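Trainee: Sequence:
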Amino acid sequence: MMMLTRHGGTTSPDRQICGGPLAAHVGGFAAQLFRMGYAPNTVHAKCDVLADLSRWLGRRQIPLAKLNESRLIQFQDARRLRNTIRRGDLATGQRFLAYLRNRGDIAPAAQRIDRTPSSRLILEFEAFLCTERGLSLSTVVRYQFVIRRFLDERFGCKVPHLDQLRPQDLHDFILRKGIQNLYPWFK
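Following the numbering used here, the numbering of the sequence shown begins with 541 at its first residue and continues without gaps.
If you're looking for bench data, these hints aren't it; they were derived computationally from the structure. Small disclaimer: the values here were computed from a predicted structure and weren't measured. There's no promise every hint is true.
No farther apart than 25 Å at their CA atoms in a straight line, the calculated lysine to any residue pairs in the SDA-like style are these [what the hints assert, rightly or not]:
#1 Lys-698 x Phe-668
#2 Lys-717 x Thr-671
#3 Lys-606 x Pro-580
#4 Lys-606 x Ala-563
#5 Lys-606 x Asp-588
#6 Lys-717 x Arg-706
#7 Lys-606 x Ile-653
#8 Lys-698 x Ala-647
#9 Lys-717 x Cys-697
#10 Lys-698 x Ala-649
#11 Lys-606 x Asp-617
#12 Lys-698 x Asp-712
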């Protein structure tokens, strides 16, 4: 088996880490992982996952340009069926996608656009929390999660009318849902 050095080189330059559509990119990714301080065994494990992904793509004749989150999920599902999936495999694939996108080798991720009537209101609330209240992004994201659920339950797909809301509505919502359901990270 070929060994990678801490600087991303190989001790056996005549062998590639993998074949298929990812062959030209896995070595550079491994070098990046080494620069980030990953242990050699971890880098090898991650490269094994990518080699498996490359074979999977090759069998399905999927070119590198078509690699995205959706394909990663399909690949993970196939590994799960074969009982070969390990903790961290999906994260490895996502990190690899980010690596390829940063290099311009694949297209940026498609952005979901929220077109619900509540989305504009939530964006305005986000701006208020960031600029007027100076809250951190992680706090704002947690608030958005709760506000979105509240507005969806209260108004559904209809345009939210804030003049119809009372403080008791939010209070009842929180009591009904419970703190653990609204804030799963809350202990």
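Trainee: Of all the hints numbered above, which does this structure not satisfy? Sort the numbers upward.
Mentor: Hints 2, 3, 8 and 10 not satisfied by this model.
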